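Trainee: If you want the building blocks of each chain, they are given just below.
Protein chains: 6
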Amino acid sequence: MERIDKREHSQLRPVKITRNYIRYPEGSVLIEMGETKIICNATVEEKVPPFKKGSGEGWVTAEYSMLPRATEVRNNRDISRLKMNSRSSEIQRLIGRSLRSVIDFSLLGERSIILDCDVIQADGGTRTASITGAFVALVDACYRLLEKGSIEKMPIKNFVSAISVGVVEGTPLLDLCYEEDSRAEVDMNLVMTDEGEFVEIQGTGEQAPFSIETFNKLIELGNIGIKQLTDIQKDALGDLSNLIGG
Amino acid sequence: MERIDKREHSQLRPVKITRNYIRYPEGSVLIEMGETKIICNATVEEKVPPFKKGSGEGWVTAEYSMLPRATEVRNNRDISRLKMNSRSSEIQRLIGRSLRSVIDFSLLGERSIILDCDVIQADGGTRTASITGAFVALVDACYRLLEKGSIEKMPIKNFVSAISVGVVEGTPLLDLCYEEDSRAEVDMNLVMTDEGEFVEIQGTGEQAPFSIETFNKLIELGNIGIKQLTDIQKDALGDLSNLIGG
Amino acid sequence: MERIDKREHSQLRPVKITRNYIRYPEGSVLIEMGETKIICNATVEEKVPPFKKGSGEGWVTAEYSMLPRATEVRNNRDISRLKMNSRSSEIQRLIGRSLRSVIDFSLLGERSIILDCDVIQADGGTRTASITGAFVALVDACYRLLEKGSIEKMPIKNFVSAISVGVVEGTPLLDLCYEEDSRAEVDMNLVMTDEGEFVEIQGTGEQAPFSIETFNKLIELGNIGIKQLTDIQKDALGDLSNLIGG
Amino acid sequence: MERIDKREHSQLRPVKITRNYIRYPEGSVLIEMGETKIICNATVEEKVPPFKKGSGEGWVTAEYSMLPRATEVRNNRDISRLKMNSRSSEIQRLIGRSLRSVIDFSLLGERSIILDCDVIQADGGTRTASITGAFVALVDACYRLLEKGSIEKMPIKNFVSAISVGVVEGTPLLDLCYEEDSRAEVDMNLVMTDEGEFVEIQGTGEQAPFSIETFNKLIELGNIGIKQLTDIQKDALGDLSNLIGG
Amino acid sequence: MERIDKREHSQLRPVKITRNYIRYPEGSVLIEMGETKIICNATVEEKVPPFKKGSGEGWVTAEYSMLPRATEVRNNRDISRLKMNSRSSEIQRLIGRSLRSVIDFSLLGERSIILDCDVIQADGGTRTASITGAFVALVDACYRLLEKGSIEKMPIKNFVSAISVGVVEGTPLLDLCYEEDSRAEVDMNLVMTDEGEFVEIQGTGEQAPFSIETFNKLIELGNIGIKQLTDIQKDALGDLSNLIGG
Amino acid sequence: MERIDKREHSQLRPVKITRNYIRYPEGSVLIEMGETKIICNATVEEKVPPFKKGSGEGWVTAEYSMLPRATEVRNNRDISRLKMNSRSSEIQRLIGRSLRSVIDFSLLGERSIILDCDVIQADGGTRTASITGAFVALVDACYRLLEKGSIEKMPIKNFVSAISVGVVEGTPLLDLCYEEDSRAEVDMNLVMTDEGEFVEIQGTGEQAPFSIETFNKLIELGNIGIKQLTDIQKDALGDLSNLIGG
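Residue numbers (my numbering), protein chains in the order written: chain X, 1 to 246; chain U, 1 to 246; chain H, 1 to 246; chain G, 1 to 246; chain W, 1 to 246; chain Y, 1 to 246.
No wet-lab data here; the hints were simulated from the structure.
Worth double-checking, as some hints may not be accurate.
Because identical chains cannot be distinguished in the list, a pair is counted as satisfied if it fits within a single copy or across any two copies.
Only pairs whose alpha carbons sit at most 20 Å apart, straight line, appear in this in silico EDC-like list of lysine to aspartate or glutamate [as the list claims (entries may be wrong)]:
| no. | residue 1 | residue 2 |
| --- | --- | --- |
| 1 | Lys-157 | Glu-185 |
| 2 | Lys-52 | Glu-110 |
| 3 | Lys-217 | Glu-197 |
| 4 | Lys-148 | Glu-46 |
| 5 | Lys-47 | Glu-152 |
| 6 | Lys-16 | Asp-231 |
| 7 | Lys-16 | Asp-5 |
| 8 | Lys-52 | Glu-206 |
| 9 | Lys-148 | Glu-72 |
| 10 | Lys-157 | Glu-206 |
| 11 | Lys-47 | Glu-110 |
| 12 | Lys-153 | Asp-239 |
| 13 | Lys-47 | Glu-72 |
| 14 | Lys-157 | Asp-140 |
| 15 | Lys-148 | Glu-110 |
| 16 | Lys-157 | Asp-194 |
All values derive from a computational prediction rather than experimental measurement.
Take the sequences, apply the hints, and build the full model.
Mentor: Below, the structure written as structure tokens:
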């Protein structure tokens, strides 16, 4: 089975991470995975949600949105329907959980970091690319705090990145583009650390249920992708990489 | 490690499915799993969403909500905040996807079935119990259509049910109650068919990432639960069970 | 004129009050009047609305809602239209006023009790049954405060219950079911105390105006119903009944 | 007991009805009852709500609102809170029901009349004054249809007007101003026809329950007020009065 | 070119300013310009928006709305669509900016004045008439503060008023009525002080771009109108006029 | 007076227009004016608003929004407050009017073009840059229609662009950056055609009223900017420029 863009079944699309993309945020990344392009901005706010008040601990949250014309057909803005898109709502909860899994909240101190992931062009895999890109913006925002002396140690325990895998025409594939995704029999999103552990697994067989064997093959493919994404994050972060974990 | 209610690690809570619970819906089930109690009502509507119009095919969707005092602390109603609860939004998307995975939409014909899952008492596992209960209500609603001659054959290809599994204090457990769920290091929801295939896997390690070994143990536990839930669904449905699949 | 369910003109439908229906609320009642079934949950909150702050006095309020399929035809949820149903809004104001009329707010102290009345099955008379059931839940919630020592004396001055009366085909009837209600020429809801005094009278002759004679006959019928409902409340409450008034 | 404005207990405040107040609506009335001032505009629309489509019959509905500074303290506009004021919602339902009770919908034909009641200055009794004033605007709008030949006969069967009565310091009073209303032990709104029949009775004893004797005295007072209001409506309408009923 | 109401090209419609129109607000004006009629109510609130807190300075803001039937065709209320009308939103921002331009916020002290401009009848020029009328209500509200001793000096530096000008059939006209406005090639709103300086200029050539010459002619016409409006404001305010500026 | 970035008083910031920025829209431009960066996407839809239906004519409209972190301080998204930002609402109305002024709607045919202007980085002048950039995207979208044969002739009559001018410390300046804008005594936005005619003038003297002399100097400065912006648009459009007008 030949992929639409001639990629190997286990090949990522070209990934490019541009740091300091927007000038104002504490961390700002443009992540490109093939034709998918997302601006990930990290904002530090010196306050926490009510359930963290007085705890001495911080919080990390995310918001996700697409420009109306990030897709082939224009989508109305949420505000024109007065309703948050339920897909966006689900995705931003996933991004938030994924990033929180690698944060040491007591090291962060009683402050919040908000990751705004705005998709300016979508070609599949926007939720996973958001996580991969937002992680880098988060590191930059934390480093800013470290430089200013607001925190004493980087509060990030591990690298985290994410990738989609799926089965198209019976074939397990890594990093689905939109055209593949829309035909996939099984669709899975993996969020993993640089140590190969899972932060989140979301697998769906809406067109047809799938077996444990299929599942295992997809996990294997995902592992390949995550390893490369971790390396790409490390390249992008340069020396800052050494401040993570340890 | 002893569980709060003395259950075995691989033991379900008592499950009770009451059919025809509310008199008006085409299918109506009260499902009780321990102290979790959910009314699952199925409504047949002779119309489909825009993207299905003229296709000759039907659609299945779900809505999920909790009564304000289904929980220890009262939650404000969505309408008082003018916002759909994002957790509810995510859960109802999951219920809808899970049920759609076992439906033959061309046999259903151009009509919709809406599954309203209203939690009247919550003690963990409400999303999985909703799926298990809503499936039975869905069968009843389809059978009503069959009886009336609106459809010629039951449009349900498989049984589908769901269960939560998780790791608490390092121990993999089946069917977490709220108290266990709130302490879980890993939390996973499995939606599976009676043939042991996966419809949906959602695993989260927010407190800490988890390994493939942990994952495999949880899948094993989940399999045990799903088999029992399928049997309970069959018992509840009696002769109607024979109209599914085949 | 024979009633659809063969009842006498002045006969209530079978009434059943189940206390402690849901496990978490401070008071929880399932009230059934014929096929009308409503969960009435009472929540105590240790805060009051702004206009009561610092007054040393408490407040009682109510919320009313129907499950989408409590009725023959499914109703969309309020949140999907982003608007509170105006009928629900009117009803919950009535429930709140009715219960407040028998409360001694200084005995309650500076705290609130919220009565959530959720109709799971509707067959007419849901607003009056909500009042009758919510009163019992309110007594339970107050008794819980008394037991804990939060208050020194039960703050409830009188029993309060409610019933619908109406004119169908020229005949005054007690306790209309939905089928009767939808054909009624005159429709009246009475909220009364155990001492036979009025808390609220709402009479409507939308199909045709009505005379003072008709009105008086309906009041008479209502009196019969209220007396029985008070007795049913007393039976349900057992010894707690003695703590009211006095 | 002397009233704040020296009126007799059974005396209305000065009532003034100005027709053709705003130039565009099909009927437009400014009604003044003492310091209460309300603009009642009637709009004819050549369409009906879904449940009347194809019936050959019309519909009448009402909307009620107050200018932010119609009262001593400024109220925020509904749109700034994104919620319809629940008091307004209840009142506009009452106005609509009251006017519909005297309309022959088949004579009106398949069209709607909307009554917008906007309170520009409030001093008690705004809901009852809205009904009394809106009735006159409704007559004008119907007459406009008659003149144009859109309808063949006036579709109005009776005069309808409304008045508040209440008990203040133990004394039954007619037509309460705001200061009296805020101190009232019992508060009742009566909507009646020119034939002395009831369209709507709404009595509330929130501060204390009330007896049937009190109720009867209030009804008596209300009758006095309604008779005068009917005469004032007739004066305002002049010859058009003869087209009502008969 | 003859105007629809025979006015000269540079002639205002009859202007009438009625002070103390509604009894409760601190300032209340009914302004009539021809058939345009607007109630302008000024409310003093002893609080300021967050960005002014602790500054010792006050704030002035405005809200603008039209009754549903202020126009030939009925407009739905904002609340029924759950969205603020964007035209109203733009107009109220203009009114607020215009009034703020002549206020000395330190003299006003840390309090707010809200100007509610509610159009009860619209025939063009509602935004400019709102400014002209709201200014007078603002003066009254400030004088009330002065009388009470809350402020020591009137905080109003200049008179401000506004007028529309436009080009219809190639002819520059002053003070367009609705019929002219809807045919205008160029439409301009001028907000000016009594010293002939500009506070706001908004010119639009949606039907066709316009030249600097056209612009200058319109400014000239506008000047004529503003001078007269300032005189009308002075007449309406009487002795209070002397407290402005100086 | 030296400007913060050393520019001449009459000097534009560097302007860069990138066409085909996003791959899906019919026209897509990234416009950069100094540090202000806006994505302008044009979408063609084969439908028109109700008031244009059956007219044979098209429509052009715009939407404007800022990413939460386009500014120094993060702004909450509109959807989280359930309210369209009123500044955005005003700006998108301006963009729409400006572009419509140069369109021949009968040549466009009965279809709509929506211009989405999303500010990814803001440093003053976002509304004027949006107009300048959106015009280029609009030309591309129209040319796409011409190429496909959907229209026979380009429906664009003139170039249109926009620029801000203002007075800072008494000095008239062209193209204010944010820092200058926030200190400006007078602030004006000019929308003009390539023929030097005005489409829209919006001048505000919120800090202090301004004279006709000031106004004339600002117009002069604006003219200088508009001429250069027209040239930049022509450069960006290349041969397509010849299809505009004549």
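Trainee: Work down the list of hints and note, for each, if the structure agrees.
Mentor: Structure-based check of all given hints:
1. In the homo-oligomer, the alpha carbons of Lys-157 and Glu-185 lie at most 20 Å apart only across protomers (16 Å), although the nearest pairing inside one protomer, at 35 Å, exceeds that limit.
2. Taking the shortest Cα distances, Lys-52 and Glu-110 sit within 20 Å of each other inside one copy (8 Å), while across copies they are farther apart (27 Å).
3. Proximity of Lys-217 to Glu-197 under the C-alpha cut-off of 20 Å is found in both arrangements, the shortest distances being 16 Å within a copy and 15 Å between copies.
4. In this assembly of identical chains, Lys-148 and Glu-46 lie within 20 Å of each other by CA distance solely inside one copy; the values are 14 Å within and 40 Å between copies.
5. Taking the shortest alpha-carbon separations for Lys-47 and Glu-152, only the intra-copy value of 18 Å comes in at or below 20 Å, while the best inter-copy value is 40 Å.
6. For the homomeric pair Lys-16 and Asp-231, the shortest alpha-carbon distance inside one copy (12 Å) is at most 20 Å, but the shortest distance between copies (34 Å) is not.
7. For a Cα distance limit of 20 Å, the shortest separation of Lys-16 from Asp-5 inside one copy, 17 Å, qualifies, whereas the shortest one across copies, 32 Å, does not.
8. In the homo-oligomer, the alpha carbons of Lys-52 and Glu-206 lie at most 20 Å apart only across protomers (16 Å), although the nearest pairing inside one protomer, at 38 Å, exceeds that limit.
9. Taking the shortest Cα distances, Lys-148 and Glu-72 sit within 20 Å of each other only across copies (18 Å), while inside one copy they are farther apart (43 Å).
10. Taking the shortest Cα distances, Lys-157 and Glu-206 sit within 20 Å of each other only across copies (13 Å), while inside one copy they are farther apart (35 Å).
11. Only within a single protomer do Lys-47 and Glu-110 lie at most 20 Å apart by alpha-carbon distance; the minimum there is 7 Å, versus 27 Å between protomers.
12. With identical chains, the CA atoms of Lys-153 and Asp-239 are at most 20 Å apart within one copy only, with a shortest distance of 15 Å there and 57 Å across copies.
13. Proximity of Lys-47 and Glu-72 under a CA criterion of 20 Å is satisfied inter-copy only: 17 Å between copies versus 39 Å inside one chain copy.
14. Within a single copy, Lys-157 and Asp-140 get their C-alpha atoms as close as 14 Å, which meets the 20 Å cut-off; across copies the closest is 48 Å, which misses it.
15. In this assembly of identical chains, Lys-148 and Glu-110 lie within 20 Å of each other by CA distance solely inside one copy; the values are 16 Å within and 36 Å between copies.
16. Proximity of Lys-157 to Asp-194 under the C-alpha cut-off of 20 Å is restricted to the intra-copy arrangement: shortest distance 10 Å within a copy versus 40 Å between copies.
Hint violations for this structure: none, all hints satisfied.
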